[in-house]
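Residue numbers (my numbering), protein chains in the order written: chain A, 5 to 140; chain B, 5 to 140; chain C, 5 to 140; chain D, 5 to 140.
Some hints could be false.
A pair counts as met if it fits within one copy or between any two copies, since identical chains are not told apart.
Stated by the list, open to error - The calculated lysine to aspartate or glutamate pairs, modelled on DMTMM-like cross-linking and capped at a C-alpha distance of 25 Å, are: (1) K89 <-> E101; (2) K89 <-> D67; (3) K89 <-> D75; (4) K89 <-> E79; (5) K89 <-> E39; (6) K89 <-> D102; (7) K89 <-> D76; (8) K89 <-> E65; (9) K89 <-> E55.
Hints listed in this document are in silico derivations from the structure and should not be mistaken for laboratory results. Since this is a predicted model, take the numbers as computed values, not measurements.
4 protein chains.
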Amino acid sequence: MNPFRHGFRVPFDELDPAGVLFFGHLFRHAHHAYEAFVAEIGWPLSRLLEEGPALPLARAEADFLAPLGLDDRVEVEVVPEAVGKHSFTLAYRFLGEDGRLCARARTVHVAYSPDEARSVPLPAGLREALVRASSA
Amino acid sequence: MNPFRHGFRVPFDELDPAGVLFFGHLFRHAHHAYEAFVAEIGWPLSRLLEEGPALPLARAEADFLAPLGLDDRVEVEVVPEAVGKHSFTLAYRFLGEDGRLCARARTVHVAYSPDEARSVPLPAGLREALVRASSA
Amino acid sequence: MNPFRHGFRVPFDELDPAGVLFFGHLFRHAHHAYEAFVAEIGWPLSRLLEEGPALPLARAEADFLAPLGLDDRVEVEVVPEAVGKHSFTLAYRFLGEDGRLCARARTVHVAYSPDEARSVPLPAGLREALVRASSA
Amino acid sequence: MNPFRHGFRVPFDELDPAGVLFFGHLFRHAHHAYEAFVAEIGWPLSRLLEEGPALPLARAEADFLAPLGLDDRVEVEVVPEAVGKHSFTLAYRFLGEDGRLCARARTVHVAYSPDEARSVPLPAGLREALVRASSA
Chain A
5 MNPFRHGFRV
15 PFDELDPAGV
25 LFFGHLFRHA
35 HHAYEAFVAE
45 IGWPLSRLLE
55 EGPALPLARA
65 EADFLAPLGL
75 DDRVEVEVVP
85 EAVGKHSFTL
95 AYRFLGEDGR
105 LCARARTVHV
115 AYSPDEARSV
125 PLPAGLREAL
135 VRASSA
Chain B
5 MNPFRHGFRV
15 PFDELDPAGV
25 LFFGHLFRHA
35 HHAYEAFVAE
45 IGWPLSRLLE
55 EGPALPLARA
65 EADFLAPLGL
75 DDRVEVEVVP
85 EAVGKHSFTL
95 AYRFLGEDGR
105 LCARARTVHV
115 AYSPDEARSV
125 PLPAGLREAL
135 VRASSA
Chain C
5 MNPFRHGFRV
15 PFDELDPAGV
25 LFFGHLFRHA
35 HHAYEAFVAE
45 IGWPLSRLLE
55 EGPALPLARA
65 EADFLAPLGL
75 DDRVEVEVVP
85 EAVGKHSFTL
95 AYRFLGEDGR
105 LCARARTVHV
115 AYSPDEARSV
125 PLPAGLREAL
135 VRASSA
Chain D
5 MNPFRHGFRV
15 PFDELDPAGV
25 LFFGHLFRHA
35 HHAYEAFVAE
45 IGWPLSRLLE
55 EGPALPLARA
65 EADFLAPLGL
75 DDRVEVEVVP
85 EAVGKHSFTL
95 AYRFLGEDGR
105 LCARARTVHV
115 AYSPDEARSV
125 PLPAGLREAL
135 VRASSA
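Only chain A is shown next, with the shape it has when bound in the complex (with noise of 0.2 Å):
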């Protein structure tokens, strides 16, 4: 199977002086293919913000391969890299026009409860689904 894909058009409001994609905005990128990724194995983030837990970020990382520009489409591939109790590991791989890699970046979610203020396992349901996405 494929990994997971989530597409973007390169809008003029995220370019630098030098036209090409402020790095920040890479992940803001990479969290909307995180979005569309859990919503596709069956946990959106309005059903994790309705039930919890909540799965705040703990790391994030990013290496920029090459510059992206006006109206670039990208394809950024979601695969789940480590699936552990309390949290997991998101890989992600931005594909430029042709193909290229233009950036990789990792999420690391950690499942959180606000109420006990600390980490808690991650629900069964959604580590089956990160898994079987892993492996896909």
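Given the structure of chain A, go ahead and fit chains B, C and D onto it with the hints provided.
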């Protein structure tokens, strides 16, 4: 008395490829000035978020008179322009480093009760503070 | 003919603590719709950035009629409302999933030559394309 | 000597529905601190944009240790962590109001010549200023 003023600096990530502030960010800076202004008159957003009512925007507008560039220091004057029973209007003037008027903006805020799903009267104390500031 | 339409989804990072779209982001979405619209009529921003003239905004305004929430699918209608010699005005209607009008916006763009530091006539071809779209 | 510090306040529009700073904005604040830092050591971004070289980010990473909320005053410490021939790494520590470490970040900047489409040596003066600051 002088109108309330809030300062900011134009950062790199808010510039467009022409090297000038993307228009949409001016509304964010107007909101930052609004946050500083309501705190100054004793009604910080944190208090409104806790006690209510919510004050969502019903309208926003801006005229862009001169471009703003990297590192420009801008002063935003905030003056209540109209204070009604359920809503109020704030007027903003964006002054560049030489005191030149670079932009004007206006926001209309409506007191709203999410529980009742309708507009509600402004708290009397907030209304009075806005009227006082409007004649400042 | 039907007005031009551009769709978007409300992402998590554009929500405020009340769970609704922060007003300032609506102007970014209006600009995204503008970018799609000028591309549709043969004048993509990339062409304007290369050939000129610049089309900076002289004015922007919006009325917020109903809140937008996470994952809401929004359609933005774009119609030229006025086409002058040096400037044009676009009107936007933001339609929610049930077709309900959630917001209206308007932007005024002025043809500008940075070299000459003054407004210049719109390119004839762009003017004609805008007039055609306004009667669509 | 003490590390360079840059302060900011968490504004309303950067909060997510949980009422805490959306992670992506931390990278923007790191960049603001970077802008203030290079200005402090005599190499403001405006100078780099004019004289070159460009200093695009090759990598960015952050660890989020504690949530930041509305109106939180944050101090960002900036320290050069590594200064190479063609690149340098900055380390950031985000300190909350009580001095608590709320986040860490790191950015890697590469001197790049768009004309030659390749990395180039850092200007000697910038390199020296970075080395001086790293032992501050």
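(Q) Which constraints among the numbered hints does this structure fail? Numbers only, ascending. (A) Violated hints (numbers, rising): 1, 3, 4, 6, 7; every other hint is consistent with the structure.
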